[in-house]
Each structure stands twice: as C-alpha cells, then as structure tokens.
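Protein chains: 2
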Amino acid sequence: MENIKSYVQQHKDRFINELIELLKIPSVSADTAYSQDVIDTAEAVKESLSKAGCDYVETCDTPGYPIIYGEKIIDPNLPTVLVYGHYDVQPPDPLELWTSPPFEPVIKTTDIHPEGAIFARGACDDKGQMYMHVKALELMVQSNTLPCNVKFMIEGEEEVGSASLAWFVERNQEKLKNDVILISDTGMISNQQPSITTGLRGLSYVEVEVTGPNRDLHSGLYGGAVANPINILAKMIASLHDENNHITIPGFYDKVEELSAEERAEMAKAPFSLEKYKNALNIADVYGEKGYVTNERNSIRPTLDVNGIWGGYTGEGAKTVIASKAFAKISMRLVPNQEWEEITELFTKHFTSLAPAGVTVKVTPHHGGQGYVTPIDSIGYQAANKAYTETFGVPAIPVRSGGSIPIVALFEKELKSKTILMGFGLDSDAIHSPNEHFGIFNYLKGIETIPLFYKYFVELSK
Amino acid sequence: MENIKSYVQQHKDRFINELIELLKIPSVSADTAYSQDVIDTAEAVKESLSKAGCDYVETCDTPGYPIIYGEKIIDPNLPTVLVYGHYDVQPPDPLELWTSPPFEPVIKTTDIHPEGAIFARGACDDKGQMYMHVKALELMVQSNTLPCNVKFMIEGEEEVGSASLAWFVERNQEKLKNDVILISDTGMISNQQPSITTGLRGLSYVEVEVTGPNRDLHSGLYGGAVANPINILAKMIASLHDENNHITIPGFYDKVEELSAEERAEMAKAPFSLEKYKNALNIADVYGEKGYVTNERNSIRPTLDVNGIWGGYTGEGAKTVIASKAFAKISMRLVPNQEWEEITELFTKHFTSLAPAGVTVKVTPHHGGQGYVTPIDSIGYQAANKAYTETFGVPAIPVRSGGSIPIVALFEKELKSKTILMGFGLDSDAIHSPNEHFGIFNYLKGIETIPLFYKYFVELSK
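Sequences listed follow chains A and B, in order. To convert, note that position 143 of the first sequence is 142 in numbering that gives the first Met the number 0; the numbers rise steadily by one, no gaps. To convert, note that position 134 of the second sequence is 133 in numbering that gives the first Met the number 0; the numbers rise steadily by one, no gaps.
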C-alpha cells in the first residue's frame with residue numbers, strides 16, 4: 000500500500016497531463032462531424048496501453064468505431080481481469096453554458112474538490128475513469144506487483160448504444176475470456192464514503208416523428224382546421240403518463256420486479272437529504288411516480304423521459320406557422336427483467352396507436368440495453384470492497400443506480416462472467432451536462448484502489 | 000378599361016422585373032441578422048413611390064423599422080384613398096424545402112399558374128400585392144386618370160406584430176386622414192372566382208419557457224425523480240384543448256359571437272371540396288373543434304396552435320439528458336369581439352397555473368391584434384365589387400378569412416375609416432411556407448383592377 004501511494008505521488012503530475020491530452024480530442028460519437036477525432040482518440044488509447052505495459056495491443060475493426068484491445072498475460076493458470084471502458088464522449092452542447100471550452104481541459108477548485116478538478120467533456124465519463132485503469136496497470140508493471148492476467152477492451156460507441164461492441168463480443172468470446180469484468184463508469188456517494196454500484200437500469204431509446212400536412216401552413220388560414228403535428232405530439236407525449244405518473248404503455252410494467260418491504264427499508268438507509276437534493280437542483284419540489292420516494296424513483300423504477308423535442312419555428316421573434324412535422328427523442332429507463340427490445344416494441348405499438356387520422360407517426364429505435372444486478376456475496380464484490388476499505392478507511396456501501404451501462408447484461412450473457420462497477424465519480428461531476436469535471440483526488444484515489452482490487456481478487460480466488 | 004389593359008400589356012415585363020428586384024432583398028423582420036436588408040427594402044419602396052408619381056415621399060422613423068409614407072394630393076375636396084402594405088417578409092426556413100433559393104426569384108409555371116408565377120419569399124405576402132398598388136398609381140398618373148387623392152403607408156414589421164405602426168398611426172392621425180383604406184394582403188377563391196375578405200381573425204402570440212432543474216441532467220441518474228421540463232411542457236400544451244378540441248382556458252370563449260343558423264348556412268354556400276382540401280395537404284382527415292365544419296373552424300372560430308417547440312438534445316443520434324428548459328411559441332387566432340390583450344392575460348394566468356411545483360413558467364407576450372368585420376353595404380365594398388366584376392367578369396364573393404391583419408381594427412379605432420381587403424393571392428401560393436409564389440396573372444390582374452376601384456369609389460362617393 001505504501002509503495003502504491005508513493006508511486007502515485009511521484010508520477011501524479013504526469014498522470015494528470017496525460018489525461019488532459021486525451022481529453023483535448025473531441026471524440027463525440029453521436030455526431031459524424033467528429034468521426035476523425037473519435038478514431039484519433041482510439042489510437043491514443045492504444046498507444047497508452049502499449050506504454051503502460053501491455054504485451055499485445057490491437058485496433059479491432061467493427062461495423063462502427065474501432066475497439067482497442069490490449070493484454071498482458073503473465074501465467075495462463077492465474078485469474079484474468081477484463082477491464083472495460085469507453086473513449087467516446089457525450090455531445091458538449093449547450094456550449095454557451097460551459098464556463099471554459101469543453102475540449103480545452105482546465106483544472107479549477109470547487110467546494111467539493113478543494114484539491115482541484117479537471118473540467119472537460121469526458122473528464123469523468125469515461126476517459127478519466129478509464130485512464131485510471133491504464134495508469135494502475137503501469138503502476139503494477141513498474142513495481143512488479145501485477146498478480147494476474149489483464150485484458151483491456153475500450154470502445155468508442157458507449158454514448159450511442161454500443162452496437163459494435165455487442166457485435167465484437169459475440170465474435171470474440173475466446174479472446175475475451177476472463178474471470179471478472181472491471182468497469183469504472185459509475186459514481187460513489189462522496190469522497191468520504193465510497194460505494195459500489197450493484198444495480199443498473201436498462202434503456203430503450205427511440206426517436207418519433209409526427210407528420211401532418213405535407214408542407215408548413217399559415218396558422219391563420221389553416222389554424223383550427225387541420226391537426227397541428229406539434230399539438231398532437233404534445234398530446235401523445237402527455238398521455239404516456241397518467242395522473243399518478245405511472246407509464247400508460249400497455250404491458251410496460253408486466254415484468255417489473257416489485258421489491259419487498261425489507262429491501263426497500265434497506266435502501267432507505269443510504270444517506271440522503273431531500274432538502275439538499277432540491278437545493279442542488281434549485282427546484283421547489285421533486286416529481287415522480289406516486290408510491291415511491293426519490294431514491295426509488297431513480298433506481299428501482301422504470302421511467303420515460305423526453306430527451307429532446309423540436310418542430311416549427313424556433314428562431315428569434317414570431318412566425319405564424321403550422322409545421323408539417325414535429326419530432327422528439329424519448330428514452331425509457333428499465334429495471335432488471337424488463338426486456339428492452341420488447342419494451343421498444345410495446346412503445347412503438349402504443350405510440351403509433353395514439354395518432355389521430357390527421358397525422359402519421361414514425362418511430363425509429365435508436366438503441367437499448369438490459370438492466371443488471373451484481374450479487375454482493377461474489378468474490379469480485381468482496382475484493383472491491385476490501386480495496387475501497389483500505390484506501391478510504393471505511394467500507395463501501397452497495398447502491399442501485401438509475402443509469403445504464405447497456406453492455407453489462409450482454410457481458411454476462413456472452414462471456415458468462417460478473418461485472419464489478421468500481422466508480423470513482425460523484426453526482427456533482429455534471430456528466431452529460433455542461434462543465435463536466437473529475438476530481439484530482441478521485442482520479443488519483445482510483446489509481447491507488449485498482450491495484451488492491453487485483454491483489455484481493457487473486458487472494459480470494461485461491 | 001381598354002386603356003388600362005393596353006398600358007399593363009405594354010409595360011408588364013418591366014412591372015415583373017421591378018418586383019423581382021424588390022424580392023431579392025431578404026427583408027426578414029423577425030431576425031435581427033437581416034436588419035440592414037429590411038432598411039434597404041424600405042428605401043427601395045420609397046424610391047418606387049417617387050418614380051410612380053407621388054408628389055411627396057418620406058422615410059418616417061419609428062421605434063422599430065421605418066414606415067414609408069407617400070402621397071399625391073390632386074384636390075383637397077376630392078376623396079382620399081389610403082393604401083397600406085408591408086415590405087417585410089416571413090423567415091424563409093425550413094430552407095431545405097425550397098426548390099429554388101427564397102431570395103433568388105424565378106418564374107415557373109404550375110398547374111394553377113400556366114402563365115407562370117414568381118417564386119420567392121414575399122412574392123405574394125406582401126411585396127407582390129403591395130407593389131400592384133405602386134404600379135396602379137403609375138398607370139393612373141401616366142394616363143391622367145387618377146380620380147382622387149392617394150396616400151401610401153408601407154411598414155416593415157407586419158410579420159412581427161406591427162408595434163411601430165400602431166405607434167405611428169396614433170401620432171399621425173391628421174397626416175393619415177382618409178375616406179377609405181385599401182389593402183391587398185389576403186387571397187381570393189380562385190383565378191376564375193374573385194372574392195373580398197370581409198372578416199379577419201385577431202391574434203395573440205406568446206412564447207413560453209418552462210424551467211426545471213438548474214442544469215441539464217443525466218436522464219439515468221435523475222430520470223423519474225425530477226420534473227422533466229419537456230414532458231411537463233407537453234402535458235401543459237395538451238391540456239389546453241379538451242376531448243372535443245375546445246380550448247380550456249377559463250373565459251376564453253366569453254366574448255365569442257355565435258353565428259346564427261342562417262349565417263352559417265350562407266357560409267356553407269361558398270365552393271369547397273373536403274376531398275380536394277385533404278388531397279392538397281395529403282392528410283387522411285381534417286381535425287378540429289367538434290360541432291363545426293372546416294370552413295367555420297378556420298374563420299369564425301378561435302384557435303390555439305403551437306407554432307414552434309424546442310428543448311433538450313435535437314442533434315444527430317441520441318443523448319440521454321433531461322433538459323433544464325423547454326420552450327414553445329404559441330398563437331391564438333381570435334374572432335371579432337375577443338379582446339386580444341385580455342386573451343393574452345387569460346392565457347398567461349391559466350398556463351402559469353398548470354405548472355407543478357417542480358418547474359417554473361415564464362410567459363412572454365410577442366404581439367397581438369383584434370379581429371375585424373367589414374360591412375358589405377359600404378361604399379368601399381361596393382366599389383371593390385364593381386372593379387372585380389369588370390376585370391373578372393363575375394362578381395366577388397364575400398368571405399371570412401382565418402388570417403389576421405392585426406392593424407385593421409386599429410385603423411378603424413384611430414383613423415375612423417373602414418378597410419377594404421382586395422386580395423389577389425391564392426390559398427395555394429404557400430405564403431409563410433417554402434416555395435411561396437405569386438401568379439403573373441394575379442399580379443397583372445391586380446394592377447388592372449385597382450384603378451377601377453378608385454374610379455368607382457369616387458363615383459359612389461358623390
């Protein structure tokens with residue numbers, strides 16, 4: 000442990016600068032305008048794995064962006080850890096809300112991060128958290144403490160649904176063979192209280208298009224006489240929730256597991272202040288499904304949110320127009336047991352049925368993924384908990400997260416192994432928002448904690 | 000009449016080319032990026048009035064865009080016609096749906112316009128129709144047939160609510176004194192069947208902003224636990240109509256005049272084919288207020304339409320975000336007796352009351368105007384009808400239009416005179432839409448018909 004700490008202390012400036020260089024490349028996978036940047040980022044990751052000590056690295060072509068594979072096999076009889084991460088990032092907009100440009104990383108201090116945090120798109124999600132694993136490998140190789148085999152699989156389409164990763168995993172089961180999968184793409188409760196994510200929600204993401212008249216119309220001459228696609232879309236969206244904020248799609252809740260009173264009581268023990276939550280978001284009240292509290296609504300319950308909507312005249316001033324088309328991007332967060340492809344079908348069928356005769360509706364599925372639960376009595380969970388306990392001084396708390404890492408369920412199905420989600424981010428890191436950042440403390444703590452996971456995982460596997 | 004026809008025939012190429020030059024200037028009043036173009040257009044109009052024969056022209060400064068005033072006073076004892084028009088145009092977007100650039104006018108033939116039509120933003124609304132009056136003046140001056148005094152008042156803010164015109168009219172009642180106001184900014188039934196608009200709807204146009212959390216949030220971590228401003232906005236918009244498509248704003252219908260069965264029977268005589276209407280718009284069915292037919296829904300009934308909506312991620316691909324804000328532009332078409340300022344207040348009060356505790360709502364009124372009805376027994380109407388009858392061979396039909404020219408009610412209040420709406424456009428001209436155009440036939444027919452209005456108005460006034 001002291002060796003680890005001193006290695007990190009000695010090299011921390013370089014660790015930070017290397018991450019900053021990686022963050023400068025705008026690897027926005029959702030927007031084809033950035034495609035060369037995404038590819039450049041993949042190559043930078045590949046080079047970093049070589050330098051850190053992998054014996055073999057490879058740029059694996061896929062139908063989409065490449066997957067970077069790397070490995071260091073020290074003894075086929077020892078366990079193998081597979082590290083997964085992603086080098087792509089969310090789109091940075093709305094740009095005007097960033098206090099510094101999203102792809103020009105700067106270190107600033109905040110109340111939560113008195114030691115400074117790196118502000119940049121991808122700082123936490125997931126370049127920063129992924130790169131902790133690269134540096135942890137370097138540390139173990141340089142200090143001759145790597146206790147087992149390690150494989151890396153770093154992809155570039157996580158933010159757009161990981162379609163190529165699924166394709167790749169299905170075709171490379173032997174290459175990816177492992178005993179545990181390790182991912183840092185989640186958060187923890189606070190810098191004083193580590194936690195391990197044991198549950199993730201699934202996802203179904205669709206885009207809808209409502210078409211009325213074949214051209215934009217003058218709202219005076221046609222207003223009141225034809226279906227206005229924007230009004231109709233609003234009505235269709237509104238009808239997807241009832242007065243208790245239950246989702247109205249027939250069959251939507253059929254496979255949702257209801258937690259027992261005991262399980263809900265256990266969840267309620269996690270530290271949570273509703274006042275602080277509301278103050279942090281500057282909202283007068285929370286809002287959600289009747290019968291559930293905030294920490295249940297955002298973790299064990301499925302949801303439906305509009306992520307974007309547009310149609311008609313959105314420029315300055317006024318235009319008296321009835322638009323020909325209106326659009327929305329809609330995502331549903333799913334809980335374990337809900338099948339995302341089935342939910343996508345149920346949504347499509349129901350949404351299409353809502354349209355009156357004056358409009359036509361097109362639903363285009365974007366992507367999806369299954370929910371997931373990690374058992375806390377597994378060796379992987381126990382090893383992670385021992386590692387956190389050693390570096391933070393307190394044991395980690397198991398928590399269910401509302402987010403989705405759609406491929407975790409896929410890994411279990413295709414690779415037959417469990418995933419451990421060792422997240423070092425914080426809720427306040429503003430991932431997917433303007434001014435995303437990642438604490439220097441968190442980054443370095445991650446690099447310290449990961450080698451201990453390897454150590455305890457090998458010990459507990461004996 | 001033969002003199003008029005031969006003058007138009009002799010000069011028609013020049014008339015068309017002059018209009019084309021005017022259409023090349025992108026005078027979009029809603030977008031400040033075009034402000035110099037709007038001002039350049041005002042100057043071009045001023046010069047055209049001088050050339051056509053006005054004795055006096057003036058660029059009148061206002062708090063907004065200038066108003067061009069021109070006059071030719073031949074005898075203070077003779078009647079005075081005040082011509083109103085506007086030189087500003089609607090924004091051209093969506094640009095990708097134009098088959099030729101909106102500010103590069105071209106002449107193309109269509110089924111309805113075998114003699115050709117000028118395609119450009121503003122071709123019909125209102126540069127083309129306004130310029131007919133300039134050329135009609137030229138014709139009367141050159142042929143020594145101007146039978147009375149004429150004044151022109153051409154503004155540049157009609158498409159954004161005519162705020163400066165109201166300011167100007169209130170301050171210039173003596174200068175604008177007249178016996179009748181003549182406007183060409185409406186349509187007629189067909190090139191075989193002229194019509195005169197006798198009723199207009201009023202307008203209240205507002206912009207709404209719904210704010211939830213103080214920043215964009217990750218929809219996985221927060222989804223289901225906080226009010227999503229887009230979902231809330233959709234719900235609020237949806238609730239503005241009930242299941243019969245009546246508007247639910249309390250007090251909205253209080254001053255709406257219900258037409259008698261006789262009046263509705265008279266309206267039903269206007270030629271109308273529901274099949275052709277649906278086919279022209281490529282819609283399976285019409286949609287509107289229960290208890291009224293299409294031609295009533297778009298003329299004698301008030302309406303509420305969303306003209307634009309936006310919020311969240313609207314780019315390519317998917318972003319799992321809960322937006323901090325969502326926006327919509329909403330307009331209500333009003334019927335005579337509804338007070339637009341009162342309706343704006345009723346809307347604001349009701350819409351704000353719809354918001355749940357988790358969001359805040361801001362309503363910003365854009366502009367508005369009163370509805371209007373012209374009596375068909377007035378001298379102005381009779382003169383217009385005689386003019387149409389002479390040039391088209393059949394009498395004009397009086398019709399109620401669903402559109403708004405917000406300042407017509409203002410003219411009556413401030414200038415104490417009636418407005419005659421001699422429109423030469425067609426429904427199919429696509430005003431406010433991509434590919435706006437104005438038939439060469441209509442343009443030249445307007446220039447022929449307007450001098451006859453002057454002639455008969457003076458004769459009937461004796």
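Everything labelled a hint here was simulated from the structure, so no lab data went into it. Even for Gly, the Cβ is constructed at its ideal location relative to N, Cα and C. Careful, some of the hints might be misleading.
[Stated by the list, open to error] To give an idea of the interface, some chain A residues facing chain B are shown, with a C-beta separation under 7 Å as derived from the structure:
# : residue
1 : Thr-98
2 : Gly-222
3 : Val-305
4 : Glu-315
5 : Thr-363
Comparing the hints with the structure gives:
1. Thr-98: Violated: closest Cβ of chain B sits about 12 Å from Thr-98 (chain A), beyond 7 Å.
2. Gly-222: 4 Å, holds
3. Val-305: At about 4 Å, which falls below the 7 Å cut-off, the nearest Cβ of chain B leaves the hint on Val-305 (chain A) intact, so it holds.
4. Glu-315: Since the shortest Cβ distance to chain B is 5 Å, the answer is holds.
5. Thr-363: Given a least distance of 11 Å, the restraint on Thr-363 (chain A) is violated.
Hints 1, 5 from the earlier list are contradicted by this structure; the remaining hints agree with it.
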